[in-house]
Amino acid sequence: MPSEVMPNANPPPSTAQGVPDVSIVVPVYHERDNLRELVERVQQALGPTPWSFELICVDDGSTDDSAALLAQLAQRHAWLHPVVLARNYGQSTALQAGFERARGRYIVTLDGDLQNDPDDIPALIERLERDPEVDVISGWRHQRQDKALSRKLPSVLANRLISWATRVPLHDYGCALKAYRREIIERIRLYGELHRFIPSLAREAGARIVEVPVRHHPRTRGRSKYGIDRTFRVILDLVLIVFFLRYRQRPLHAFGGLGLWLLTPGLLILAYLLGVKLMGEDIGSRPLLMAGVMMVLMGAQLVVAGLTGELLIRIYHEGAARPQYHTRPLPGPGDGACAGQHRARVE
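Residue 1 is where the sequence shown starts when you use the UniProt record's numbering, and the numbers rise one by one after that.
Hints were generated in silico from the structure; no laboratory data involved. Some clues are possibly wrong.
Cβ pair distances, simulated, as ranges [to be verified]:
1) M279 / Q301: 30 to 36 Å
2) P132 / R87: 37 to 43 Å
3) V304 / L236: 22 to 28 Å
4) F243 / H217: 34 to 40 Å
5) D65 / E129: 36 to 42 Å
6) L268 / A86: 22 to 28 Å
7) H217 / E129: 24 to 30 Å
8) E318 / Y89: 37 to 43 Å
9) L267 / L240: 27 to 33 Å
10) V304 / P213: 37 to 43 Å
11) E183 / D33: 15 to 21 Å
Just so you know, even glycine gets a beta-carbon here, dropped at the ideal spot from N, CA and C.
Kindly produce the complete structure, drawing on both the sequences and the hints.
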């Protein structure tokens, strides 16, 4: 269980009257050198705005005294709420821990390395305020400041692959700066390393997404935690997310469909060999016999796995009364043309 460092009990006027308007969730891992400036930059960005806010920094098992510094800063800023995880769980778990503690109507995420610009946050919130047809705003680092080709090239390839596979076209899935309506975050949960696919999960939960250009700065302190090996993990996670999005509520179509592709030729092979056997020929030494038997057995196992999945998905939804669908408010006059838009837009 994550432990929390409690901030000063005397909140400023912006949060004293109730829940904040904006919750900013920042996963932190070995970012001690950036934390002080991060807190100051968030205050400078949102302090002059009419929105009350809270900053939730989730320390993901850092060993560089990031947690101690967060506790110190929380004594001076009552809107800063540190959360310290017992060990390093990964960015998805850190974000989920922050989401579970976020109280705002709008939830914003960004990285703790100051490559995202907190000054972009007010524009994102303003867009959500004035446009009810937008649920998620995803940042696009259209002028990336990363110099290493080992980061840029895999990112470009991954973005194109993810956009094609998930059918949610975005230029920059890796940009941490995103803004959400609270109800969208409440509909999704992050496991493993699914933080890269939050827009796809949000779309599955019914969100309408736009992508807007945001600023990006070079890292000046600390060290990047990403390497070329992340590309292979993204591919594996992509297989999971595609299955989750397309077949979560109909696993029989996934497993059973593949099973039928194996069963059908396998049965045809065995039927052919049976005819050959009835004509008096020996089929015991034919490799085709082994191939037919293996295809039938594997196909049958996949069909059974699909049926088991159908039972499990019904237990998942009915046992805990989880919803199979989500709704949105009825659009007002003149909104009908916009209410059906589900394609991610770039602006």
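We went through each hint and held it up to the structure:
The hint said 30 to 36 Å for the Cβ distance between M279 and Q301, and at roughly 31 Å that hint holds. Taking 37 to 43 Å as the suggested C-beta distance range, the pair P132 and R87 conforms, at roughly 41 Å. Between V304 and L236 the Cβ separation comes to about 25 Å, which falls inside the hinted range of 22 to 28 Å. Under the hint 34 to 40 Å, the C-beta atoms of F243 and H217, about 36 Å apart, fit the expected range.
Checked against the hint of 36 to 42 Å, the pair D65 and E129 passes, with Cβ atoms roughly 38 Å apart. Here the CB-CB span from L268 to A86 is close to 56 Å, at odds with the stated 22 to 28 Å. Between H217 and E129 the Cβ separation comes to about 26 Å, which falls inside the hinted range of 24 to 30 Å. About 30 Å separates the C-beta atoms of E318 and Y89, a value inconsistent with the hinted range of 37 to 43 Å.
In this structure the hint that L267 and L240 lie 27 to 33 Å apart at CB holds, the actual value being about 31 Å. Distance hint for V304 and P213: a CB-CB separation of about 50 Å, inconsistent with the stated range 37 to 43 Å. Between E183 and D33 the CB atoms are about 36 Å apart, so this pair departs from the stated range of 15 to 21 Å.
The structure shown violates the earlier hints numbered 6, 8, 10, 11.
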